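Engineer: Each chain, letter by letter, is given below.
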Amino acid sequence: MKKKITYFILLFCWGLTTNAKINKTDSLLSILKANTADTTKVKILHQLFLTTDSVDYAKQSLQLAKTIQYKKGTAQALLDIGRYYYFNGKQDLSLEFLLKAEKAAQEISNKKILAGIYRYIGFIYRNNDLYTAEEYYNKSLKMCEEIGDNISASYALSAIGNIYEGGYKGNSKKNKTAIDFYLKSLEIREKEGSYDEIAASLNETSRAYDQIGQQNKALELRIKGLKIAEKSNSTENIVYLSHVLGNDYIKRLHDLKTGLEYQLKAYEIGKTLKNNYDVMYDISKVIAATYYSLGDLKKSTEFYRESQILNDSINAIKARYSINLSEIQHNLVNELEKQKLLLKDSEILKVKAEAEKQTVLRNAFLLGFSIVFILVIIVFKENKQKQKVNKELDLSYKEIETAYKTLAISENKFKQITETINEVFYLYNIIEKKYEYISPNCETLFGLDANYFYDGKNTKLVVFKDDLPLVVNANVKIDAGIPYEIEYRIIVNNDIRWVAEKSSPIFDETGKLLRNSGICSDITLRKFNEEVLRKKNKDITDSILYARTIQDAILVPKDEIAKQLSEFFILSKPKEIVSGDFYFYKETKTGIILAAADCTGHGVPAGFLSMIGNAFLNEIVGANETISPAKILDLLSEKIIKSLNQNRSDSESKDGMDIAVLRFDKTNLTVQYAGAQNSLYHIHQGQLTEIKADMFPVGISDTNTFTAFTNNTIDLKTGDSLYIFSDGFHDQLGGADGRKFMKKNMKELLVSIHDKKMPEQEKILDQTFNNWKGRNNQLDDVLVIGVRV
Amino acid sequence: MKNLIIPETPETPEINFDPETGVLKISGRAYSNDISIYYKQLDSWLEEYLTSPKDKTIVELHLDYYNSIFHKLLFNFLKKCKAVTETGKKLIINWYYHHGDEDSIDASIHYSKTLDYPIEKIETE
Numbered sequence: 001m002k003k004k005i006t007y008f009i010l011l012f013c014w015g016l017t018t019n020a021k022i023n024k025t026d027s028l029l030s031i032l033k034a035n036t037a038d039t040t041k042v043k044i045l046h047q048l049f050l051t052t053d054s055v056d057y058a059k060q061s062l063q064l065a066k067t068i069q070y071k072k073g074t075a076q077a078l079l080d081i082g083r084y085y086y087f088n089g090k091q092d093l094s095l096e097f098l099l100k101a102e103k104a105a106q107e108i109s110n111k112k113i114l115a116g117i118y119r120y121i122g123f124i125y126r127n128n129d130l131y132t133a134e135e136y137y138n139k140s141l142k143m144c145e146e147i148g149d150n151i152s153a154s155y156a157l158s159a160i161g162n163i164y165e166g167g168y169k170g171n172s173k174k175n176k177t178a179i180d181f182y183l184k185s186l187e188i189r190e191k192e193g194s195y196d197e198i199a200a201s202l203n204e205t206s207r208a209y210d211q212i213g214q215q216n217k218a219l220e221l222r223i224k225g226l227k228i229a230e231k232s233n234s235t236e237n238i239v240y241l242s243h244v245l246g247n248d249y250i251k252r253l254h255d256l257k258t259g260l261e262y263q264l265k266a267y268e269i270g271k272t273l274k275n276n277y278d279v280m281y282d283i284s285k286v287i288a289a290t291y292y293s294l295g296d297l298k299k300s301t302e303f304y305r306e307s308q309i310l311n312d313s314i315n316a317i318k319a320r321y322s323i324n325l326s327e328i329q330h331n332l333v334n335e336l337e338k339q340k341l342l343l344k345d346s347e348i349l350k351v352k353a354e355a356e357k358q359t360v361l362r363n364a365f366l367l368g369f370s371i372v373f374i375l376v377i378i379v380f381k382e383n384k385q386k387q388k389v390n391k392e393l394d395l396s397y398k399e400i401e402t403a404y405k406t407l408a409i410s411e412n413k414f415k416q417i418t419e420t421i422n423e424v425f426y427l428y429n430i431i432e433k434k435y436e437y438i439s440p441n442c443e444t445l446f447g448l449d450a451n452y453f454y455d456g457k458n459t460k461l462v463v464f465k466d467d468l469p470l471v472v473n474a475n476v477k478i479d480a481g482i483p484y485e486i487e488y489r490i491i492v493n494n495d496i497r498w499v500a501e502k503s504s505p506i507f508d509e510t511g512k513l514l515r516n517s518g519i520c521s522d523i524t525l526r527k528f529n530e531e532v533l534r535k536k537n538k539d540i541t542d543s544i545l546y547a548r549t550i551q552d553a554i555l556v557p558k559d560e561i562a563k564q565l566s567e568f569f570i571l572s573k574p575k576e577i578v579s580g581d582f583y584f585y586k587e588t589k590t591g592i593i594l595a596a597a598d599c600t601g602h603g604v605p606a607g608f609l610s611m612i613g614n615a616f617l618n619e620i621v622g623a624n625e626t627i628s629p630a631k632i633l634d635l636l637s638e639k640i641i642k643s644l645n646q647n648r649s650d651s652e653s654k655d656g657m658d659i660a661v662l663r664f665d666k667t668n669l670t671v672q673y674a675g676a677q678n679s680l681y682h683i684h685q686g687q688l689t690e691i692k693a694d695m696f697p698v699g700i701s702d703t704n705t706f707t708a709f710t711n712n713t714i715d716l717k718t719g720d721s722l723y724i725f726s727d728g729f730h731d732q733l734g735g736a737d738g739r740k741f742m743k744k745n746m747k748e749l750l751v752s753i754h755d756k757k758m759p760e761q762e763k764i765l766d767q768t769f770n771n772w773k774g775r776n777n778q779l780d781d782v783l784v785i786g787v788r789v
Numbered sequence: 790m791k792n793l794i795i796p797e798t799p800e801t802p803e804i805n806f807d808p809e810t811g812v813l814k815i816s817g818r819a820y821s822n823d824i825s826i827y828y829k830q831l832d833s834w835l836e837e838y839l840t841s842p843k844d845k846t847i848v849e850l851h852l853d854y855y856n857s858i859f860h861k862l863l864f865n866f867l868k869k870c871k872a873v874t875e876t877g878k879k880l881i882i883n884w885y886y887h888h889g890d891e892d893s894i895d896a897s898i899h900y901s902k903t904l905d906y907p908i909e910k911i912e913t914e
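Each protein sequence line maps, in turn, to chains R and F. Counting from 1, position 582 in the first sequence corresponds to residue 582 in this note's numbering; the numbering is continuous, with no gaps. For any residue, its number in this note's numbering is found by taking its place in the second sequence, counting from 1, and adding 789.
Honestly, the hints are just simulated from the structure, not real lab data. Computed from a prediction, not measured in an experiment: that's the story for all the values here. Please note that a few of the clues may not be correct.
Mimicking PhoX-like on lysine-lysine, the simulated pairs with C-alpha atoms at most 25 Å apart in a straight line are [said to hold, decoys possible]:
| hint | chain 1 | residue 1 | chain 2 | residue 2 |
| --- | --- | --- | --- | --- |
| 1 | F | K878 | R | K744 |
| 2 | R | K692 | F | K843 |
| 3 | F | K861 | R | K575 |
| 4 | F | K902 | R | K692 |
| 5 | F | K910 | F | K843 |
| 6 | R | K717 | R | K586 |
| 7 | F | K902 | R | K744 |
Label-pair distances were calculated between CB atoms; the ranges are [unchecked claim]:
| hint | chain 1 | residue 1 | chain 2 | residue 2 | range |
| --- | --- | --- | --- | --- | --- |
| 8 | R | I417 | F | K829 | 33 to 39 Å |
| 9 | F | K829 | R | N776 | 25 to 31 Å |
| 10 | R | I417 | F | E837 | 50 to 56 Å |
Residues from chain F that face chain R, not an exhaustive set, calculated with beta carbons under 8 Å [unchecked claim]:
| hint | residue |
| --- | --- |
| 11 | S816 |
| 12 | Y854 |
| 13 | N856 |
| 14 | W884 |
| 15 | E891 |
| 16 | D892 |
| 17 | H899 |
Every residue gets a Cβ at the ideal spot worked out from N, C-alpha and C, and that includes glycine.
Next comes chain F alone, as it looks inside the complex (with noise of 0.2 Å):
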């Protein structure tokens, strides 16, 4: 199975999704209207790679900046990636914050709780 691997432009942020290691990184900023391409990319992967997902699969999440289309599109990700642990495997999502960034923090929190699963917060600098 492939890397699925998505450069970062001005609007949108980077994709790096390694089945062997199972660690699955979005970073930048995601702010374009027009994410329909990632949907069907980040889906059609995810799909494949929960068919045999690694024993550990760990999520970070780099995210500068997204507006609330992103925020869809993130939500279901990480829903998805929780059904990992349905099959016994484990998931690790760890989201980094910068420093003073309390949005950030909060945002993370909110989707813990409605994701019901726990996330890791890293500060960064």
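Just chain R, same shape as in the assembly (with noise of 0.2 Å):
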């Protein structure tokens, strides 16, 4: 009786404390040996196989309980040892000594070990034989239930779950039952069983959820598993369960806050761990792909870098391992054999021993055991573990690699559109008063590469000093939320470029003012066109300008004309800087002739006409001094057609003038007046006479037949005015409705103004005609001769 309290006192202690199991074996050896061989000597030696899971204590046991017919024994040790052939890898021999398990088990109708025995059998099937399995499942499963043993029942019914989840593939029909089976095990579980019993089930169960693509049932209790984990401090299985929660939040629900949550805890606790190089580079891939999508550059590119690391480490550990695995095993037999020599030794020693012997065995003992017994739970959990993860890290690694291969071709793209366009393009950070990025070329343009804006410093270094006030004050506007588009200079290597600096602001969705973003073009080949052709407009007006002060000189000087004609005044407007209107003026022995023409077309073509016109004036009046009008513009005309070939019907330019000519003769009570298109007004005391002109220019005929001018001989009263003119004056558009001011007009004008000293009707008329065309351009040029005799 005092013994089987000892084993029952003990058999409660039982843990998975070494040192309890040492103590336990201690006991459990004293026990032994003070026994003789009778049932408790056959369960103290089960129960030193469960401890030590050194076979040979079964095989006693076995022995012995055959010995006295102790029938239970016989069926346990039998079924001991057929696990313990089924833990080592011979299927076979297990199952022959399961099966004369179950033979004795029946005889006796032990429905626990029975139920154990079932279990076991179906594990042998497992691999090939589903059917077979899942029968035996159901004899296990039977078995618990008929004694209420719910925790084995959960066992079995998990491990039929396990066939109708993987073994029946591709029929989701069967993995919807392999959930129920998974939840009734975990009902069970979460009522009666441990910690470590009820985080299996629920892993296994969100599994087959998984496959069944309840994903959310699966969330769901993958995050019972991970409070449960927290709750036993399984800090591997902490580290797993917010993996692939992480996972899930990222990559299906696409929530990438809560999932960096959970990946950083997986990432701070896997830290912990030794060994778990494998989970740390998943973990770190995937926070650095996220906090990337989250826009956090910063933290992303640290974590890629640990992943790499992680990574050398991987392919490093991975080359030991294959050689590792075999050592441990090697190792493990080494110890396996060593225990059982010390064990022997043991025995004799603990009878005898004081207590410090005790302690030393103790201790070898607990070294011993310990690394036997933990290595050989450790490599089977790792096997098991090791694939399970290795499957899902091909999955997720391959995940990763996609989404940084699709990186990296963005990256390139990016790259290429950065290496080719010339413009430097970048993003000012206005808060914190940096760059945040610009385009490699700024080396190029600026000569300051991406590292020196990065550390905070901007392009004032190298603007002209003559342009840092503009650029000073575009970085003013920007602050305060205004684009601009600037142009200034900088001096690179002694050269000086010309920038274009365009930028425009970021805000955010409150309207806050974020960054700039902005693009700079390098335009000193544009700058220096513009200056090219700025100053060819410059030579080009210079030369027209000297033109004019030919064409000036050419013309008599109006003090000259003033000494023979005491009052008149000339008005001309040219439309551009030369003129196409001159007036011609020539003293003779026998009058003054004086002439207002007007050559075809303005500027600089007409200004060349008008030499020619005034150089043949000149010449005409100097051949002949009495020469009429009339006669005048017969020769005019005949010398222009002659000399611009304009009577060969395929001469380009039918050029010519219109053009009134006076005489006045000494006495100046007469005047002479011929006219082509030009008309001559004629006011005497306030009324006002138009000599109509030949309606026909001089050089051009439209006919081919030659019509001589007209002359004309006006009697003059002192006090009269004439008034010569082109039609530039009266043909300008203008007034409210733009229409021509009009002859009629014009006639008007010079009769209200005719008895007005001759220097102000020139400005009233030059008023008038600057009224009258407002903001209409000039049309032709201006010419009005007026003289009072």
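From the two separate chains plus the hints, produce the assembled complex.
Structural biologist: Have a look at this one:
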């Protein structure tokens, strides 16, 4: 009885701590020694087998049980040996013993042992005969139900579920059934199971939910599993579940923030575990990718680098791992052998020994058994875990690889853009006052590489000092959220370059100014071309101005004219610099010739014509001083036609002249007039008379016949005023409706001012013209000549 | 045959020639120095039209202002139009002038004389 009590107390204290085990073993051994061969001894040997995992104990137990005809012990020992061989990979041997155990247990109808036996037979068949495996699991389950052993039932249920999950592949109905079994198992374990058992159930159920596409349910269960892992401080599971949950949130639910939280937890806790490189690698890769998506480039790069380091470690370890595994196995076997020997010694020592010796041995056992036991469990667990994790690792690794490939492609595209576009573009953070990004070609344009800008500096260093205020002003603008476009010079390698910079502000959703984007182009060439063009323009204008002075020089100066004509004005308003209208004045012995001429067109071409006209008139009057105006026109027309080859029908230019010519004789009592298109106005005592000109110009003939010009003689009285002009004045468009000024109005105007002094008349005409013209362009050269006799 | 439509610009007139109605309208201002395009376009269109003109061709001139360069073009244009009468078809030239614009009236008289063809003077306001 005493022995039995001790036995049960020991059983009650049985835990996973090796100390307890060793203590237990101590006690068991001492009891063993003290015991005679009986059922208790059989049981003790069974216990010893369970704590030491040494099959010898099981065999001894079997031996003894058979000898004393202890049927239960026999069945149990056979089961033990069968289990041992199963866990040691000797499946055929295992099955042999299990079947023997089955027979023995059936004889005594020990359902508990049968439950175990059936389950293990099921495990063996699991690999290649699912139906038989299921059969045995069901048998096991039945036994459990009959004896009310719920926990063992949960193992059977899990095992059946496992068959349905992976065994009958591709059949989702079967997968649903798997879940049913898993859920039943979970139910039991949540009530009665250990944390580890609950966690295992949650794990397998969530996995099965994943497979039938109910990821949300799987998520639920995994969150539960994580809580349990935290309660039981199962660090490996915390890391694993946090990682898996993180992935689910990130990849499936697209909830980057929550997913990142989980991944970071996995990472932090994972750091405390040793030899966790594979998982840490995956975790850090996912974190890197998630930070990137969230826009935190700094953290993303940090974790990416971390993952690279881990990757290197993994590769190094993988190389060693294959060697390690066989090493471990080798060590295991050695240890086992050692312990067998140690055990035998310790038996003897234990009986005799004082406390000190016991302690030494105990430590030796501690070391030995802990190594053995832990190694066995660890290797077994690791193997299973590794297989599982490896599979999931492969998947997530591929996903992240794809993500990084895509990233590399877009980075490449970006690089192509920045390397081929000449413009520099940048993102400047206004709050932190530094460049977030600047394209690498900034070095080509500014002579400053990107790091210079990232360090918080800007282009002011190279800006030409005269343009500095402009650049500073632009910065003020951008700080106020106003876009700008400026052009400024920079000095790079002692060269001056022109830069055009355009910048736009960027606001966040609340309207707060965050940063500005900008683009800088090298416009040195354009500026150079502009300068060349400007210079050419100036050259051209300069030469036209010079032409003008020549033109003016040819004209008889007004003060010369004033010597003979006391009262006159000449209002001349060229449309451009050089005029197509000109006046002609020549004093002869017999009279004064005064003419107002208007050459075809205006500007430089008309200017040329005016020079020719002037020259011809000089020639004509010079050759015959008494010549009449009409004759002048005849000869002028002839000369122009001849010299410009205007009689040839194929001649390009048919340019000519409208002109009014006056000849004052010495007495000033008559004036002769001839006109081509341009009339003469004669005002006598406030009455205006128009003497019409001939309606064809000088130089061009619309018809092929030559018509002589008409000579008119007009009597003059002192005080009369005469006006000759080109059509530029009365044809000017203006006023409210953009109409011509019209001859009618010009006549009225002249009549109204005819008695004013000549200079005043000129002024009034000028002003009236300007007012009428208003905003319209001047259409033609203006020339009005007034003379009072 | 298509219409010839050249939109008005500040320096050139609007051209609207309709081969279906036989109405050839020129209106606006003409003081651009570069009207070589006009020459070509008007010329080639007119040539094509003249191969099968309408029974009655009406030239409508609404010119506020034109310079001597355009004057050349206009004269040649009218001369060509006159050719229509040689095949027995009718030609009417309507010259629109603003009230009081003697120059315009005079010009139309001058054209008429030189062309040796009547030009209708129509006053507008």
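Engineer: Hint by hint, note whether the structure agrees.
Structural biologist: Going down the list of hints, with the structure as the test:
1. Among the hinted pairs, F/K878 with R/K744 is inconsistent with the structure: their alpha-carbon atoms are about 38 Å apart, more than 25 Å.
2. Pair hint R/K692 plus F/K843 does not hold up; C-alpha atoms about 39 Å apart against a cutoff of 25 Å.
3. A hinted pair counts as satisfied when its Cα atoms are at most 25 Å apart, and F/K861 with R/K575 qualifies at roughly 21 Å.
4. For the suggested pair F/K902 and R/K692, the alpha carbons sit about 16 Å apart, so the restraint of at most 25 Å is met.
5. Between the alpha carbons of F/K910 and F/K843 the distance comes to roughly 23 Å, so the proposed pair stays at or under 25 Å and holds.
6. For the hint linking R/K717 to R/K586, the alpha-carbon distance of about 23 Å falls within 25 Å, and the restraint holds.
7. For the given pair, F/K902 sits about 23 Å from R/K744 by alpha-carbon distance, which is consistent with the 25 Å threshold.
8. For R/I417 and F/K829, the Cβ-Cβ distance of about 47 Å falls outside the hinted range of 33 to 39 Å, so the restraint is violated.
9. Remark: the range hint 25 to 31 Å for F/K829 to R/N776 is upheld by a beta-carbon distance near 29 Å.
10. Checking the proposed 50 to 56 Å range against R/I417 and F/E837 shows it holds: the Cβ atoms sit about 53 Å from each other.
11. The beta carbon of F/S816 is not positioned within 8 Å of any beta carbon in chain R (closest approach about 13 Å), and the interface hint is therefore violated.
12. A hinted interface residue such as F/Y854 counts as satisfied when its beta carbon comes closer than 8 Å to some beta carbon of chain R; here the least separation is about 6 Å, so the hint holds.
13. Checking F/N856 against chain R by beta carbon gives a least distance of about 7 Å; that is within 8 Å, so the hint holds.
14. Using the Cβ-Cβ criterion of 8 Å, the hint placing F/W884 at the interface with chain R is not satisfied: the shortest such distance is roughly 15 Å.
15. Contact between F/E891 and chain R, as hinted, is supported at the beta carbon level, the nearest pair being about 5 Å apart and thus within 8 Å.
16. Evaluation of the F/D892 hint against chain R yields a held restraint, the C-beta minimum of about 6 Å falling below 8 Å.
17. Taking 8 Å as the C-beta contact cut-off toward chain R, the hint placing F/H899 at the interface holds, the least distance being around 5 Å.
In summary, the structure is inconsistent with hints 1, 2, 8, 11, 14 from the numbered list given earlier, while agreeing with the others.
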